[in-house]
Each structure stands twice: as C-alpha cells, then as structure tokens.
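Protein chains: 2
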Amino acid sequence: MIRFSRSVNAMQSSAVRELMKVASDPDVISFAGGMPNPDLFPVGELDEIYASLSLKDKQNGFQYGPTPGYPPLLESLREYLRAKGLPVDRNDLIVTAGSLQAINLTAKVFVDAGDSIVTETPCFVGAISVFKFYQAELRGVPINEGGVLIPELDKALNGVHPTPKILYLTPYFHNPAGIVYGPERQRQVLNLLHHRGDVVLIEDDAYGELYFEERDRPVPMKAMADDSVPVCYTGSFSKIFGPGMRLGWLLAPRDVVRKCELAKQGVDACSSTFTQVLADAFLRRGMLSGYLKRLREAYARRAKRMLDSLEAHMPKSVKWTVPRGGFYIWVQLPSVMDASELLEKSVRRGTVFVVGKAFDPQGKKNDCLRLSFSHTPEDKIDEGIRKIAEAVREKRQ
Amino acid sequence: MIRFSRSVNAMQSSAVRELMKVASDPDVISFAGGMPNPDLFPVGELDEIYASLSLKDKQNGFQYGPTPGYPPLLESLREYLRAKGLPVDRNDLIVTAGSLQAINLTAKVFVDAGDSIVTETPCFVGAISVFKFYQAELRGVPINEGGVLIPELDKALNGVHPTPKILYLTPYFHNPAGIVYGPERQRQVLNLLHHRGDVVLIEDDAYGELYFEERDRPVPMKAMADDSVPVCYTGSFSKIFGPGMRLGWLLAPRDVVRKCELAKQGVDACSSTFTQVLADAFLRRGMLSGYLKRLREAYARRAKRMLDSLEAHMPKSVKWTVPRGGFYIWVQLPSVMDASELLEKSVRRGTVFVVGKAFDPQGKKNDCLRLSFSHTPEDKIDEGIRKIAEAVREKRQ
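Protein sequence lines correspond, in order, to chains A and B.
Everything in the first sequence is counted per our numbering, starting at 1 for the first residue and increasing by one.
Everything in the second sequence is counted per our numbering, starting at 1 for the first residue and increasing by one.
What the hints contain is simulated information worked out from the structure, not anything from laboratory work.
Be aware that one or more of the hints could be misleading.
A pair holds if it fits inside one copy or across any two, identical chains being indistinguishable in the list.
Pairs of lysine-lysine residues, derived as DSSO-like cross-links and limited to a Cα-Cα distance of at most 30 Å, are as follows [as the list claims (entries may be wrong)]:
hint: 1; residue 1: K56; residue 2: K380
hint: 2; residue 1: K304; residue 2: K56
hint: 3; residue 1: K345; residue 2: K364
hint: 4; residue 1: K357; residue 2: K155
hint: 5; residue 1: K155; residue 2: K365
hint: 6; residue 1: K304; residue 2: K293
hint: 7; residue 1: K365; residue 2: K319
hint: 8; residue 1: K319; residue 2: K387
Fair warning: this is a prediction, and the values are worked out from it, not measured in the lab.
One chain only, chain A, in its complex shape:
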C-alpha cells in the first residue's frame, strides 16, 4: 500500500484553481482569475527583444544559470530596485520562480511544522497554500481600508506563545482586498517589529507598480525600515511583464538569501535562464516604464467601469472597497449572506467570482467575495456585475 507523507493531508486544492474550470468556459463572464489581461502583454516589445538577441544570449538562455539568478538580470534588477529606494546594497537578491517561490523559500528556511505565521484576513490564497505546505499554523488579523488593524496585530505578535516566526503582509493593492497601506500604518507595523528580530516580515509587493494615480505610488516598508527589522521583500515580473515567465525575486538580509539559495538548489537548481534573458532585455532596454503607463491606464479604466457597475446595480446593503491600484475589488455582503450560495446562483446566470473563504486563513469567513477586473473582456464587466446583483436580490427574497 502506498504510504503518503503526513504533510499531504494539509494540502488542499485551491478554490481559485477549481473554479478556473468553470471560468474558462467562453460563455461565462469570469471575475475569478488574478490573471493579467492577455491583450495587454508586451508582445511587440518581445518581438523587438528576440530580434536583438545575439547567438551568445540565446546559448545563455538554453543553459543552466547560477542558482541566485542570471547575472545580467540580477544587475538590471538591482538597478530597478535601487531606483525604488530599496536598500539593495545592504541586502542580497535572488531570482525566483514568481514571488510565490520567494514566499515558499522564505517559509522553508524559517518554518518548522507547527510554527505559527501571522497573516492578514483576507490573505493571498497562494501564500496560504505555501504556509500549509510547511504545516504552519496560521493566525489571521483583520484589516480595514488602510491596512492591518494595529491593536489586533500587536495581540497576535505579542499576546501568544510561542511567538510567530513570520508576519506576512500584502500592503500594496492587496490581493484580494484591493486596499493600500498608508505611510502612518506602515510606520505602526514597523514599530511593532522594531529592535526585536524574532519576527520576520515578508512584504509581498506583487502589485505595487500598478497604482492608478502617481500620488498612490507606494514606498515599500523595506525602504523605510532600519536593519533591526528583518524584512524579506518579494516582488514579481508576473504583473509587470508576464506570469508565464515565472520570474520573481526576494530582497532580504544576506544570511536569509544565502539559505534560500541552498534551498533553491534542491527545488529547481535555477529559474528559467531563457525567460531571465528576456526579462533582463526588457529592463535594460528601458521598456518597462512605457509599458507600465499603458497598464496603469488600462487597469484604472477597468476598475472604474466595475465600480460604476457596482454603484448602478448592487443593493445598498452590499459594500465594496474602492481600489487605487491592482486587480481587485473586495465585496462585503450582508452578514446573513453566504458567498458560496451566491456563487451557485451566479454560475447559473453565467458569472463567476471567488468566494471569501478561499482567502480566510481559517477557510471559514464567507460573507464576502473577490471580483477581479483585470482579465474580463471590458464590455462584459457591466453585464457580469448586473447578473451578480440579480443573484444577490434573488437570495434576499
């Protein structure tokens, strides 16, 4: 008889992935996936990059690369991060397979089975998967429009034994909540971590470049913190180039990165050199800033369209966040309503979204849902929201 490991019991299929089967039906209007819009991918830039590659570049792309990353990409990435004010020279950088792998490697080097991790509620579903992979105990702390609630965070970090190993936050254009931390809240978080070092902050900045207005451009906590706070800053090419490249990064204290590098040797040896060659050319040829301008305009327009539709169709009892960047709107249903029941009614009408409990570290809280405005054909947004609103009304009768 096959004897699986104990840890497989902790792994569950992500609700988001399961839903993708329904969402991929072309007749269904899907607000479910956190995918970029394919029409926005920089295909023209890619053609230009490919045409410019030398024989040597292509041979490098076919070959193994060093575990921490393709050296030219590490160089251009350092330049990019330095320009964001990040302390590149007092930390080390490693290229990962998306920011998900950066979170995974960090968890690997800190977490033993049974250790606890503090997250926001709601929390990025991929991070929940990672932490369960390592059999961590998750403690969720509620958030409001301005970020994690400080008294509750204080309690989660200081009121329980043993002290959590990791605090995981997605402060900028939060997935799924769509919110962004202001500078005051950032400072309060850092104050709780100041001069202790026993709690590592994973600052997940996958969406930070996708602000709609210049005034909402985030300054990462990694750029604000002094070295007494171990901040593991993760980022991704998934939202600023393409997720199919599977490239992200971790900027963290040297001894953390060194251990992540050792772990990565037993995970995949290195990330794809081929896509690293492409990403390096994309940065080096200065293509990112023009591309980001296009993305910000497109996603801002889509967000506005969805907000207008919510305003027009939803009953007054339904509330939602107003995003200033990113891909998501978080919808709060009346507390008697269950998002899974609403999803069933919505699917019958041909529209899907992700239910709230997928993002709850405890897998329970379900009076809320995530709408993604990134991927749906723009002219279908209003129709889809109208159908969900009809489903809400049916429910309430």
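Once you have looked at the hints, place chain B on chain A.
Frame of chain A, contents of chain B only:
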C-alpha cells in the same frame, strides 16, 4: 534574533555548485559541470520556432498556465512518451521545472522527516539535495557496471525497519557513474518491488535519449512493470532541448500526480508557460529526432576522446567506466588516494572535476571522481586528462 527552521541545518551547499566558481575561469579546463555543450543547443530551430509563433501562442506564453502543464505540451509529451512504450494512458503526467522538481514533488508527497530513502552509491547530487531538503535518511547501495547490486538492494529494502518509502535509481547513463542497466538487472529490481506497493520507485531517466549506439537504447522499467509497482518516471528537457527552459516531467500513478499537483500549487503555481510553448513547438514540428542524432554523435565522439586520453595518460592503477551514453565517466582511484587531495593538485595545474564524496549519500567515500565530457572544449580534453594524470603520479610518489 532570527530563528531559522531546523531543516536548514540539513541543507548544504552542493560541492558541484561551489566548484563552478573555479570551473568558470576561462583558463581552467573543467570536467566538473553536468552542462550540455552550448555549441550544440538548437538555436537555429529556436529561431524557426519563434518566427512561426502566432500572436495567440505568444500571449499564451506570457500568461499563467494550468498547474499540471500547458495543455498542448502535455499532449505532445504524451505522444513522445507513448512512442517510447510508456503506459501513458494508465498514468498521469505533470510538467515540472526540470526533473529535479519532479523528484522534489515526489519526495514531498511521500517523505516525512526521518523517513528513509534507498539510493545508489554514487547518486545524482541533485537528488541527494532534494532528499536532505525533506530531512530523509539516505541508505546507499553499491552499483557495478550493470547497475545496482541486487543482494545489497534486497537487504536495504527488506532487512531494515521501518521499510524505506522510496527507491531512487538513475538506471540509464548514470550521473555520475556513466553506467547503464541491462534488461536482466531491470527485471531483478522490479521483482524486488513486485506486488508490495509500499516502496515507490523513482526512475530518473534524464539521460536515456543520449545513447551512443542504437543497441543501447534503454527500455524504461516504467514500460516493463505491471501496475503493482508504483513507478514514478521522471524525465527532462534539459538534455534534449536545454536546461535553461527548466522543463521536465513526471509520469506516475494518478493519485501520486494529483498530490504532486497540489504540492506544485504551493511551489510555483505552474512551470514557465513561455518555455512550454517553445518545447511544444520543438516536439510538434518533429525537430527532436534530428537534434538527438546530432547530440548522440557529438557526445559519443567526446566520450571516445576522453577514453583515449585516459588510456594514454593514466597509470594502470586507475580504473574507469566506459560509458555507452550520457555525459560522464566515473574514475576509480587506488584506494589509498583521496579525490579531494587530487583535486587540489589538479586545480594548481588548471583542471577541475567533481570529487566522489559529493555523490555519496553519506558524503564520505572519496576514492573516486566524476569526469564530464559534455561541456569542455573538445580540443582541451586530452590536455586536461594529461594534467589530472600528472597529478595522480605526483600524489603517488
């Protein structure tokens, strides 16, 4: 104070990776890396593929793909594996980041800390890293020119408690030993596993396509076994397309693949879709067979060159395997000699290789070394071997 996980203590820097710093010096003749020769990469084919990609193909390449793999690649890969006689329809297939990740996911779903795994001695160094990542206990079984020694394997599987969870073998053009299992040895291995199911066989076939003569084309055990033996068959595009693509696969019983898919959701969500689009086109356009023909001829020629040089320069007390495929020759030194000391003397002469203990699951046995003939400039092979021979002679005085 930063509190790392207990598992980081089990992670060590691979001796191979460390050596790469020396090996990358252009004045050093390196037989160290297990890298394909860059001049052999199918750059012409890649240009042809890129030129043929549609806008839709490129958009797909930029986007997330399903966790088990890009559907067109899964289809062309199934076709390829079916043609090798593998039971594709009674098993499931998942695309991984190299075969290293296939081994990693399999270990994840079977191994709890302290479980034991049986390997060959010597053993692929990447697999040793993976198994240590999950804090497994390793038991090595010696091999000879025809494969693992059956009485010793029997003892390792049946003579100890608790029974090992996994038997990991690299039967075809072994890394580092360069040997290949014959059909009789394959059957003896399968007999030991027949009708028990408590031991999973990982059959690592990263090099199977690189036979030098048609008569040495391997038939995998996965194709020979009945369903009573759970065989997890792993393979890789690293040696037949390029390691920089980071693509491999696992063909295994459905419930194993299903669990590996769940694990992969928390590892990297999916492998690079971009490189999967390229690999699919490579298979689908029938480019593989012509490319393999070129590779087999080139590596056979390089192997012969190294064998001739060994014959010409080495003292009689040094023995080596005669590879019939793959990248490696395994050298047995006189038992009084230590490969690390020999490496020091060789480095001073400008030549490097990997010492035997890197491939010993216990990290000790060091009267042997691995020479790779895949990557060194062909006209440097003789000079490099001559220098090592000189170092051997110096040692013996």
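Broken hints, by number: Of the numbered hints given earlier, the structure breaks none, since each of them holds.
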